[in-house]
Amino acid sequence: MTIELRTSPHQHSGRDVPVIMRNVVLSLLPICGFSVWQYGLSAAALILVVTVSCLAAERISNQIRGMENSLADWSAAITGVLLALTLPPAFPLWMGAVAGFAAIWLGKSLFGGLGQNPFNPALVGRAFVQAAFPTSISTWAPAFGPGRFTDFIPSSLAMPFMSPPDIASWVKQQGMDAFTGATPLARWKFENVSASSMDFLTGQVTASAGETSAILILLCGLYLAARKFLDWRIPVAVLGSAMLLAWAFHFAQPERYPTPTFVLLSGGLMLGAWYMATDMATSPITPRGIWLYGALIGILTVVIRYFGGLTEGVMYAILIANATASLLDQFNQPRILGGKRGKS
Amino acid sequence: MRLPFQKRAATFHHGIHPAYHKETGSLPIRRLPFAPRLIVPLSQHIGKPAVCCVSVGQEVVRGEVIATADGFVSLPVHAPATGVVEAIGVMPAANGKMVDSITIRVYQADGQEVQVRSPRDVDALDRQQLLAAIQETGISGLGGATFPAHVKLNVPPESVIDTMIVNGAECEPFLTCDHRIMVERTQDLLRGIRYAMKASGAPRAVIGVEDNKPDAIAAIQAALPADGSITVKAMETKYPQGAEETLIYALLGREVPAGQRPAAIGVLMNNVMTLAYLGRLLPSGEGMVERVLTVAGPGVERPGNYIVPIGTPLRFLLDHVGARSSAREVILGGPMMGMTISSLDVPVTKGTSGVLAFGKLQLPAQAQRTYACIKCGECVKVCPKFLNPSQMGLLAAKREYALMAERYNLDRCFECGCCSYVCPSHIPLVQQFRVAKAVNREKATA
Numbered sequence: 035m036t037i038e039l040r041t042s043p044h045q046h047s048g049r050d051v052p053v054i055m056r057n058v059v060l061s062l063l064p065i066c067g068f069s070v071w072q073y074g075l076s077a078a079a080l081i082l083v084v085t086v087s088c089l090a091a092e093r094i095s096n097q098i099r100g101m102e103n104s105l106a107d108w109s110a111a112i113t114g115v116l117l118a119l120t121l122p123p124a125f126p127l128w129m130g131a132v133a134g135f136a137a138i139w140l141g142k143s144l145f146g147g148l149g150q151n152p153f154n155p156a157l158v159g160r161a162f163v164q165a166a167f168p169t170s171i172s173t174w175a176p177a178f179g180p181g182r183f184t185d186f187i188p189s190s191l192a193m194p195f196m197s198p199p200d201i202a203s204w205v206k207q208q209g210m211d212a213f214t215g216a217t218p219l220a221r222w223k224f225e226n227v228s229a230s231s232m233d234f235l236t237g238q239v240t241a242s243a244g245e246t247s248a249i250l251i252l253l254c255g256l257y258l259a260a261r262k263f264l265d266w267r268i269p270v271a272v273l274g275s276a277m278l279l280a281w282a283f284h285f286a287q288p289e290r291y292p293t294p295t296f297v298l299l300s301g302g303l304m305l306g307a308w309y310m311a312t313d314m315a316t317s318p319i320t321p322r323g324i325w326l327y328g329a330l331i332g333i334l335t336v337v338i339r340y341f342g343g344l345t346e347g348v349m350y351a352i353l354i355a356n357a358t359a360s361l362l363d364q365f366n367q368p369r370i371l372g373g374k375r376g377k378s
Numbered sequence: 024m025r026l027p028f029q030k031r032a033a034t035f036h037h038g039i040h041p042a043y044h045k046e047t048g049s050l051p052i053r054r055l056p057f058a059p060r061l062i063v064p065l066s067q068h069i070g071k072p073a074v075c076c077v078s079v080g081q082e083v084v085r086g087e088v089i090a091t092a093d094g095f096v097s098l099p100v101h102a103p104a105t106g107v108v109e110a111i112g113v114m115p116a117a118n119g120k121m122v123d124s125i126t127i128r129v130y131q132a133d134g135q136e137v138q139v140r141s142p143r144d145v146d147a148l149d150r151q152q153l154l155a156a157i158q159e160t161g162i163s164g165l166g167g168a169t170f171p172a173h174v175k176l177n178v179p180p181e182s183v184i185d186t187m188i189v190n191g192a193e194c195e196p197f198l199t200c201d202h203r204i205m206v207e208r209t210q211d212l213l214r215g216i217r218y219a220m221k222a223s224g225a226p227r228a229v230i231g232v233e234d235n236k237p238d239a240i241a242a243i244q245a246a247l248p249a250d251g252s253i254t255v256k257a258m259e260t261k262y263p264q265g266a267e268e269t270l271i272y273a274l275l276g277r278e279v280p281a282g283q284r285p286a287a288i289g290v291l292m293n294n295v296m297t298l299a300y301l302g303r304l305l306p307s308g309e310g311m312v313e314r315v316l317t318v319a320g321p322g323v324e325r326p327g328n329y330i331v332p333i334g335t336p337l338r339f340l341l342d343h344v345g346a347r348s349s350a351r352e353v354i355l356g357g358p359m360m361g362m363t364i365s366s367l368d369v370p371v372t373k374g375t376s377g378v379l380a381f382g383k384l385q386l387p388a389q390a391q392r393t394y395a396c397i398k399c400g401e402c403v404k405v406c407p408k409f410l411n412p413s414q415m416g417l418l419a420a421k422r423e424y425a426l427m428a429e430r431y432n433l434d435r436c437f438e439c440g441c442c443s444y445v446c447p448s449h450i451p452l453v454q455q456f457r458v459a460k461a462v463n464r465e466k467a468t469a
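From first to last, the protein sequence lines stand for chains A and B.
Counting in the working numbering, the first sequence runs from 35 upward without gaps.
Counting in the working numbering, the second sequence runs from 24 upward without gaps.
Keep in mind that a hint or two might mislead.
Keeping only pairs whose Cα atoms sit at most 35 Å apart, straight-line, the calculated DSBU-like set for lysine-lysine is [to be verified]:
hint : chain 1 : residue 1 : chain 2 : residue 2
1    : B       : 404       : A       : 374
2    : A       : 374       : A       : 262
3    : A       : 374       : B       : 460
4    : A       : 262       : B       : 45
5    : B       : 404       : B       : 256
6    : B       : 460       : B       : 421
7    : A       : 223       : A       : 206
8    : B       : 466       : A       : 374
9    : B       : 421       : B       : 466
10   : A       : 374       : B       : 221
11   : B       : 460       : A       : 262
12   : B       : 71        : B       : 466
13   : A       : 374       : B       : 256
14   : B       : 421       : A       : 374
15   : A       : 262       : B       : 404
16   : B       : 45        : B       : 256
So the derived label-pair ranges between C-beta atoms look like this [claimed, not checked]:
hint : chain 1 : residue 1 : chain 2 : residue 2 : range
17   : A       : 262       : B       : 434       : 29 to 35 Å
18   : A       : 266       : B       : 152       : 55 to 61 Å
19   : A       : 266       : B       : 241       : 36 to 42 Å
20   : B       : 457       : A       : 145       : 25 to 31 Å
21   : B       : 425       : A       : 224       : 57 to 63 Å
22   : B       : 421       : A       : 361       : 17 to 23 Å
23   : B       : 276       : A       : 37        : 40 to 46 Å
24   : A       : 361       : B       : 250       : 53 to 59 Å
It is worth saying that the hints were derived from the structure and are not from the lab.
Note that beta-carbon positions come from the ideal geometry of N, C-alpha and C, so glycine has one too.
Turn these sequences into a full structure, and let the hints guide you.
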């Protein structure tokens, strides 16, 4: 009998990094499917191109750094899929590829790869293209176009470094005159028109590829939380604080500020709360830190939406909160069992 | 999923639910035959080693004292079998060190009755006499701590014990010897509890048993004394329910102040096995010549609980229970806190609560690929002491051992292994903490 020497514990839960990451990717598939059903070929190609470019970026940086292949840990795949879901469905594919490389290289590899990144890589990628391509990132396409499964939306196939074709004339050709090209948040901000909650729940709104159906995102997030692949406290804190603050504003001036429901369901808040804010590497781990972090995101989102120049604030709210995560941990170390009260 | 505000069975916060593998809990205790040679270390307890009082070639009778206690914090050693002293000298022990031991060649034809005994009326003894009698039995903490029982029960005059906690949690997976002791030797256990209460001056005792052992709880309940001084409490089945501080918190809601002994808050804790042997050996005046332990794991063909003579080499024990050739790892104790051994020629001692043989499939984290810490915070969620293993692991990687102790309470970690168990990156956190503690200790003494 050969004997091996090891140190305790001699058992393991069996849940390792690839298992967690793979489950997150799987839970995103229904959202991807819904997006493809709404936007057809363009959404499918966008998700594919962005994910593949993230994987390629990860592989290249493995090579440069002389590291083991890290594609098998599935973390680059999460970044790719999540990033694609935050982009407008008719986003030019080459810009999507740029976003993918920016996400992995600027958001992750530069800091040392898995677990080392202070900011959510998918949002770093999106922030990069928001600065680089301000027009394309705010050009929205209508859902359920008649030929969506046979033809691309023309802007998807724009040549690199050329201006994408105008989407408005294409929309007219398709006979979808009702399409305004503005998100509900923009319409609320600039025209003071509020969309109905039902439209948000079923995805009948103008939005990013994966942000249209709040109820689908909620279900997928709840599944992950129930299986303990994400920390339920973060989305609860994010959505709870955003709702409370929105309710306070709405209560004070109902004609000026939208209902809390509108705030919760519109834009990227649902996707951000369940899938972006919960990114393990960039969120705190101490109990009080987690609640404060989530509340910060919720509050910043509402403040940016109401008082900022942008119509949507989730991305910057999460990136700013990411920056505070390790500080929140430092100042909120829990009291140990048998430790003095009020002291860590 | 349990919601945070829901009421739960007596328990502590955090912890894990590993696969328990308690199949041997339903099997009655069996007796292991005598090995041809028994290796009896002189130091099977914390404290000064015993002093050998036999010589090579001398015949010894089962139960006879072969080494005497050296002072108060020490224990005598009894001959585990009738035979002849073959050698006195250093032999390998489970921890990998060479320790002074007495090797006895066993007379196989002998009936092996315990022949040396001095029956006594325990109830007539006063406290000092009782403590002396406990020392004579040679009983140390049989849960694995191996602290001499009489030293633990000798409560210093400045502290008053109001409750004795009896640890029947047995939260380690695979181990079921405490379970069987509670079922089969209930009277011994309750007698032992009474003796320990008298020795320590504790007016009441609470027996904590995890709720995966309903037959043990029922057996104890049926035998409890009518005066209500001893009670039994079912606890949630959760690891590490049986660790000293978590058990005290679960049963009494009291926290042991960091760095202090439970006596500081009026509590004394003993393992059920220790007390059952106390109740069995004190009246008859016998010494500790054998103990009940669990032999289990996927590498064993006939797992179960066995009465094993002290000094039995593990090779003999594993041969007897049918170790499979697939076995790769032999663990003394449980799978969460036990240690692997490097040689099968080391003996069973008083502190051996289990012998587990694991095959390749059960190989732990260290064999698999490790990833960088992804800061998932799972370790923070399971640490029963509310430490921050994630942060300490990152500091350990940078060898910031002093900082780990100063800022993150490294010394409060009791190495239960919950953090390593859940770590999705397979970071050997507990091992890093052991290294850090050892380096800090070395620096402190240098």
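These are the hints, each one checked on the structure:
1. B/404 <-> A/374: holds (20 Å)
2. A/374 <-> A/262: This hinted pair holds, its Cα atoms lying about 31 Å apart.
3. A/374 <-> B/460: Holds - the C-alpha atoms of residue 460 of chain B and residue 374 of chain A are around 22 Å apart, at most 35 Å.
4. A/262 <-> B/45: holds (26 Å)
5. B/404 <-> B/256: Between residue 404 of chain B and residue 256 of chain B the Cα gap is close to 26 Å, so the pair holds against 35 Å.
6. B/460 <-> B/421: holds (15 Å)
7. A/223 <-> A/206: Status holds; Cα separation ~25 Å.
8. B/466 <-> A/374: The hint holds at about 27 Å.
9. B/421 <-> B/466: Since the Cα atoms of residue 421 of chain B and residue 466 of chain B sit roughly 17 Å apart, the hinted pair holds (cutoff 35 Å).
10. A/374 <-> B/221: The hint holds at about 33 Å.
11. B/460 <-> A/262: holds (32 Å)
12. B/71 <-> B/466: holds (25 Å)
13. A/374 <-> B/256: Distance ~28 Å between residue 374 of chain A and residue 256 of chain B Cα, so the pair holds.
14. B/421 <-> A/374: holds (28 Å)
15. A/262 <-> B/404: Distance ~12 Å between residue 262 of chain A and residue 404 of chain B Cα, so the pair holds.
16. B/45 <-> B/256: Holds, because 20 Å separates the two Cα atoms, which is no more than 35 Å.
17. A/262 <-> B/434: 29 to 35 Å: holds (30 Å)
18. A/266 <-> B/152: 55 to 61 Å: holds (59 Å)
19. A/266 <-> B/241: 36 to 42 Å: At roughly 38 Å between Cβ atoms, residue 241 of chain B and residue 266 of chain A fall inside 36 to 42 Å, so the hint holds.
20. B/457 <-> A/145: 25 to 31 Å: For residue 457 of chain B and residue 145 of chain A the Cβ distance comes to about 30 Å; the hint holds.
21. B/425 <-> A/224: 57 to 63 Å: For residue 224 of chain A against residue 425 of chain B, whose Cβ atoms are near 58 Å apart, the range 57 to 63 Å holds.
22. B/421 <-> A/361: 17 to 23 Å: holds (19 Å)
23. B/276 <-> A/37: 40 to 46 Å: Cβ of residue 276 of chain B to Cβ of residue 37 of chain A: about 44 Å, so the range 40 to 46 Å holds.
24. A/361 <-> B/250: 53 to 59 Å: holds (57 Å)
No hint from the list above goes unmet by this structure.
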